[in-house]
Amino acid sequence: MAPPLRQVSVRGALAAHGRPQPDLLKAVPALTLAVFLAPIVAGLLGTLLPAFGYLPALGGTEIGLDPWRRLLLAPELPAALRLTLTSGLGASVASVVIVIAFCAAAHGTRLFRTLERLLAPLLAIPHAAVAIGLAFLLAPSGWLVRLLSPWATGWTTPPDLATVQDPLGLALTVGLVVKEVPYLLLMTLAASGQVEVKESLAIARSLGYGSMTGWLKAVLPRLYPQIRLPIYAVIAYSLSVVDMALLLAPATPPPLAPLLLRWFNDPDLATRFCAAAGAILQLLIVIAAIAAWRGAEVVLGRLARVWIAGGGRGGSGQAIRIAAGGTILLLVVLALAALAANALWSVAERWRYPAILPTEWALARWQHHAGELGALVWTTAALGATAALCALGLTLGCLENEQRHGLHVSNRGLWLIYTPLLVPQMSFLFGLQVLLVGAGLDGGWIGLVWSHLLFVLPYVFLSLADPFRRLDERYARSARCLGASSNRVFWRIKLPMLRRPVLAAFAVGFAVSAAQYLPTLFAGAGRFATLTTEAVGLAAGADRRVIGLYALVQSLLPLLPFVLAVPVPRVRRLGRPAQALR
Amino acid sequence: MRRISALMLLAASTVARPVSADTATTPLDWPQTVAAARGQTVYFNAWGGSERINDYIAWVGERVAADFGITLKQVKLADTADAVARVLAEKTAGKSSGGSVDLIWINGENFASMKAQALLFGPFAEALPNNRLVDTAAKPTTRIDFTVPTDGLESPWGMAQIVFLYDTARVTQPPRDMAQFLAWATAHPGRFTYPAPPDFTGSTFLKQALYGLVADRAALQQPATDGNFDAATAPLWEWLDRLHPLLWRGGHTFPQNDQAQRQLLDDGEIDISLSFNPGEASSAIAQGLLPPTVRTYVLDGGTIGNTHFVAIPFDATAKEAAMVVADFLLSPEAQLRKQDPSLWGDPTVLAMDKLDPADRAKFTALPLGVATLSPAELGPVLLEPHPSWMTRLEAEWRRRYAK
Numbered sequence: 068m069a070p071p072l073r074q075v076s077v078r079g080a081l082a083a084h085g086r087p088q089p090d091l092l093k094a095v096p097a098l099t100l101a102v103f104l105a106p107i108v109a110g111l112l113g114t115l116l117p118a119f120g121y122l123p124a125l126g127g128t129e130i131g132l133d134p135w136r137r138l139l140l141a142p143e144l145p146a147a148l149r150l151t152l153t154s155g156l157g158a159s160v161a162s163v164v165i166v167i168a169f170c171a172a173a174h175g176t177r178l179f180r181t182l183e184r185l186l187a188p189l190l191a192i193p194h195a196a197v198a199i200g201l202a203f204l205l206a207p208s209g210w211l212v213r214l215l216s217p218w219a220t221g222w223t224t225p226p227d228l229a230t231v232q233d234p235l236g237l238a239l240t241v242g243l244v245v246k247e248v249p250y251l252l253l254m255t256l257a258a259s260g261q262v263e264v265k266e267s268l269a270i271a272r273s274l275g276y277g278s279m280t281g282w283l284k285a286v287l288p289r290l291y292p293q294i295r296l297p298i299y300a301v302i303a304y305s306l307s308v309v310d311m312a313l314l315l316a317p318a319t320p321p322p323l324a325p326l327l328l329r330w331f332n333d334p335d336l337a338t339r340f341c342a343a344a345g346a347i348l349q350l351l352i353v354i355a356a357i358a359a360w361r362g363a364e365v366v367l368g369r370l371a372r373v374w375i376a377g378g379g380r381g382g383s384g385q386a387i388r389i390a391a392g393g394t395i396l397l398l399v400v401l402a403l404a405a406l407a408a409n410a411l412w413s414v415a416e417r418w419r420y421p422a423i424l425p426t427e428w429a430l431a432r433w434q435h436h437a438g439e440l441g442a443l444v445w446t447t448a449a450l451g452a453t454a455a456l457c458a459l460g461l462t463l464g465c466l467e468n469e470q471r472h473g474l475h476v477s478n479r480g481l482w483l484i485y486t487p488l489l490v491p492q493m494s495f496l497f498g499l500q501v502l503l504v505g506a507g508l509d510g511g512w513i514g515l516v517w518s519h520l521l522f523v524l525p526y527v528f529l530s531l532a533d534p535f536r537r538l539d540e541r542y543a544r545s546a547r548c549l550g551a552s553s554n555r556v557f558w559r560i561k562l563p564m565l566r567r568p569v570l571a572a573f574a575v576g577f578a579v580s581a582a583q584y585l586p587t588l589f590a591g592a593g594r595f596a597t598l599t600t601e602a603v604g605l606a607a608g609a610d611r612r613v614i615g616l617y618a619l620v621q622s623l624l625p626l627l628p629f630v631l632a633v634p635v636p637r638v639r640r641l642g643r644p645a646q647a648l649r
Numbered sequence: 150m151r152r153i154s155a156l157m158l159l160a161a162s163t164v165a166r167p168v169s170a171d172t173a174t175t176p177l178d179w180p181q182t183v184a185a186a187r188g189q190t191v192y193f194n195a196w197g198g199s200e201r202i203n204d205y206i207a208w209v210g211e212r213v214a215a216d217f218g219i220t221l222k223q224v225k226l227a228d229t230a231d232a233v234a235r236v237l238a239e240k241t242a243g244k245s246s247g248g249s250v251d252l253i254w255i256n257g258e259n260f261a262s263m264k265a266q267a268l269l270f271g272p273f274a275e276a277l278p279n280n281r282l283v284d285t286a287a288k289p290t291t292r293i294d295f296t297v298p299t300d301g302l303e304s305p306w307g308m309a310q311i312v313f314l315y316d317t318a319r320v321t322q323p324p325r326d327m328a329q330f331l332a333w334a335t336a337h338p339g340r341f342t343y344p345a346p347p348d349f350t351g352s353t354f355l356k357q358a359l360y361g362l363v364a365d366r367a368a369l370q371q372p373a374t375d376g377n378f379d380a381a382t383a384p385l386w387e388w389l390d391r392l393h394p395l396l397w398r399g400g401h402t403f404p405q406n407d408q409a410q411r412q413l414l415d416d417g418e419i420d421i422s423l424s425f426n427p428g429e430a431s432s433a434i435a436q437g438l439l440p441p442t443v444r445t446y447v448l449d450g451g452t453i454g455n456t457h458f459v460a461i462p463f464d465a466t467a468k469e470a471a472m473v474v475a476d477f478l479l480s481p482e483a484q485l486r487k488q489d490p491s492l493w494g495d496p497t498v499l500a501m502d503k504l505d506p507a508d509r510a511k512f513t514a515l516p517l518g519v520a521t522l523s524p525a526e527l528g529p530v531l532l533e534p535h536p537s538w539m540t541r542l543e544a545e546w547r548r549r550y551a552k
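Protein chains in written order, with this note's numbering: chain A, 68 to 649; chain B, 150 to 552.
The set of hints was computed from the structure by calculation and includes no laboratory data.
Okay, the calculated bits of chain A under chain B, using three or more residues with CB under 8 Å as the criterion:
id : segment
1  : 206 to 217
2  : 315 to 322
3  : 326 to 334
4  : 416 to 422
5  : 602 to 608
In silico negatives: residues of chain B with every beta carbon more than 10 Å from chain A:
id : residue
6  : 368
7  : 392
8  : 447
9  : 450
10 : 508
Among the chain B residues that face chain A by a calculated CB cut under 10 Å, a handful are:
id : residue
11 : 200
12 : 203
13 : 207
14 : 222
15 : 234
16 : 241
17 : 416
18 : 417
19 : 420
20 : 549
The beta-carbon is built from N, C-alpha and C at its ideal position, and this holds for glycine as well.
Isolated chain B, as found in the complex:
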């Protein structure tokens, strides 16, 4: 088994080394990978907070068992970092194979961190057969994760874009830019909040606000420095200083994550929430987690979007099967089911024009979901600022508000 893994590592890396848009070809040894994968067990470490996502992963498990003889087991994490910690402990103990994590749901900082610490296997992603269907042109975030190149170390799974949720039964005119947010909160004190950074939705809200308040948006694509950070973020802190006393609980405490904030919206403790999944509201309504009067909207000038991925740790036991599962997750069948608002409602990473007509028709026929915006309504996607902005924003936010 170990020999095959080493072989695969070599094969995958030679095939996928030249990382450029047009080399996403099927590697010659894919059938061999599929053969090696048969009988393996994949421990998929994925955030386990959502019943519908867990159900979706269980369905994936049934399908890969039937098609490839792979046993898929979801390790339901409360926090992706738990799995990162485990891989780190394995590296600390000098382990280089037989690791406990085979596949991990990841993006952003966790990916940057694992990549920087050489905790990932690969490159493998661009060697997956279905990778050629990925919309790398219109969805550049499938190859650049928070401005960090994926370099084939993670395989795209789904798309995300910030949307705001509000209850039409209570709010008629939700705020659409940062100035309006302040005015709205003044008129409705205690009825809005955002998840406490460093929760990723909370940190993204800070970046979104920064986009709306900064003088030079282009600067955010460059690294933040001691020289430009203070000047660029001064309007943000001034805005937050004024906003916080008008927030839920006077801005003294914040919900832990977007799910907790969705619960507050349903409880009627607040009137506006936010989510990274444009289909979240529709699917929450379908599940009885939000009232049917909830709708979503985006801000004038666009909202931040990104991609979430799956990656394989360097010491994974079932690397072949993990790759086969990653490839299956990219299949039109799996991506279609994932986008179905009654099942998960997570937007696809695939390019419609690369699909065959029958698959394309199925995607077109998917209902949007009662509260989901169409791609046109979602408007322009803002790119994630360089990660150094997030790091500094979180540190400064801590210094100012987490006392």
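Isolated chain A (complex conformation):
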């Protein structure tokens, strides 16, 4: 696997000193930002105008505050906001605490490495598929109750308990935590590469700090800035999630995001003005929540400094190790059980309460849908691969440009890359759709890939940026000294050495694309059916057998690239192990 340094020949040396080439590379960062920001700015504008009453297609030609008046008078609003904030912030806090506690208490243990291995695939399972499985798992007539009924509980009919769609939104919070913890944990692992974890811990240990306290005091303060943006993305996502909320949150009233979707879909088209105002409100809430989190960071940081300076050595952290490890294990089990429930439903004919397993089985559904699934898998895979490849190209171009010109990406640059993840989808998708229609790109492959790229690119960039920047530059320098051109160094040295993180970033991008629902619907103009659009469409019909089938295939397809990406051997001898995902 090692890149053949010997082959960097005289020919390469000549090429390196040959004619100067126009530097296309320099255009890549600008291109990337254009790809990113143009649609979001246009999209936000397309929402902002109706929010103040301007949408000529619906006869709105005067700017005014009427949509806001209607929004603030909506009877559902107070409860919807409360539900959004409790479930969204609750899930964010819980996910961050679980991840930090687990990293602090269990780093370096075998449990840690095992779970680490399980988590990447969990990341690939779409939110909707997890939510569909969880809804069946947790329902009063669901799997968990069936395991205990009626022999232990005495419930011959399902109890009238709100275990899903509960008024407090706890089921939604659990669902979010199941999906956000793997993401945060992987981002933390990736960031660990930028901080000298082992060295810091060795020093802390030599000074007598307990393993957990040492991690919290010596590693976390330097690690946290690296995972700040991913945490903000989790906050934004949790506050604006649609698909999980539809399945796990109560419906009267729902959290803000499903409420907005209902308003955007209201047959009375005038409700759109109010919905647009609501979408802007949602954006403001996300901004406020992130600002509040930032404030809390400052306060906690001050307090922590006192705590760190206090010099307490702390104990072994055994109890927290068990608690945090147990929680993560529980989350993994929940996700796998959800997946298993979907798989069982896909081969069930009849499966009523209180049967623990289906009472009648059938493969008919698989046969019936085989042809259609084939076409859907093809579209989903082609779209995911195209979007992921475009994202890889742009990302590698940006990173290579940065390295060649000795640039340092500021935090502001990172913020820009994160914009599509921080701005709630609903607040710019309608405007984006108008932009695409205006440009004649809606319903076409280009518009569709572009809309996916908005969400794929940030994840690909984040997966790849760190391994790329951390590649020991002495390899490149040696190759240059042997006469290789920058391009040759890139293709023959850097890329082969980065094969694993590149493949992993591709897998992440593919999974992100495969899970997109609203962007596919809005930009695809209904011309492109993917596994996800089809699964959500069928979910409206509440036939668990069909939903289970589609949710299962929808989960398996994005897993494939992960499975294929894993066996590529690490380039051990040449570089530090790639840190993007493992």
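We have chain A; now place chain B onto it with these hints.
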């Protein structure tokens, strides 16, 4: 292509402009329409939540491909409003042709809304050859959609009437009027619910309850006003206030739609459900979605009925082919298959006495389905109240119960 579309628009509108019951004649240019339709692709935006309906539409696709050389593609929507939103975005972007939606499955509020915003092509419906078979006399809702005249902007597809579903294994005497519902729920707390308005089945349940509780039923055909709404609906809110604590989950949350409620019935979380399709129970039993012991019934004094339609957006790309498909959907062959309870079980919009004897015999020979009521048992159809009642009922329901 664009020229032909414009021509067709003109032709269809001149032919169908005088909208009255007796002018449903075949337009002179139908063969031309069929010729123009050949080779076109129709994107049929239809709710995609039902496997059997999707299968039915796939069959329609095979038939129009064979007969007319039309490619039919179903865009499976989670919500019809997604397609309305897309047409709206196209209008916002200044598009007037080459739109992405060719045919849309629609009725009620979505239709009223698209009609009011001039988002629809036509009139075309009464110019379709098979339109003459439609039972406009006995099924007035084929021309008046939620009291809004269709004006030829949508073509009828199927009939709907509210029926209630119950499991005979658990319930022997289901409630047949609003007073009995309250008594039944008192005796069986937590075993009934209804979809949350503004889901159309949920909103229809409110209107159905209003019919059962209002003093003057005739008033519901007139617009609701600030003057008459409060007095007319006071008994309804009083009834709901008493009913809600006795519902599933204490009336704090409601299923999203009738399909979700059917799942609750199958799960045994509730004992009574409702549907807008009289054949729903039979076909769900046939598909293994409900136990074979489920039966349907209607309320004393009748239940609300309506019609569902297909319409063509103003900027549709394949208007000719969309019209040919709409016409095929009205053919006795397609309507017969649609009514077959083992395939879909959706009642026909056609008049039996307008069919030729062979077709009529096929309809008569159709099995009813194990849980489906005969037309006589279905009883009188109540007309949809004026849409202003629904709008106000939904708003007031939101104010009272959606907090």
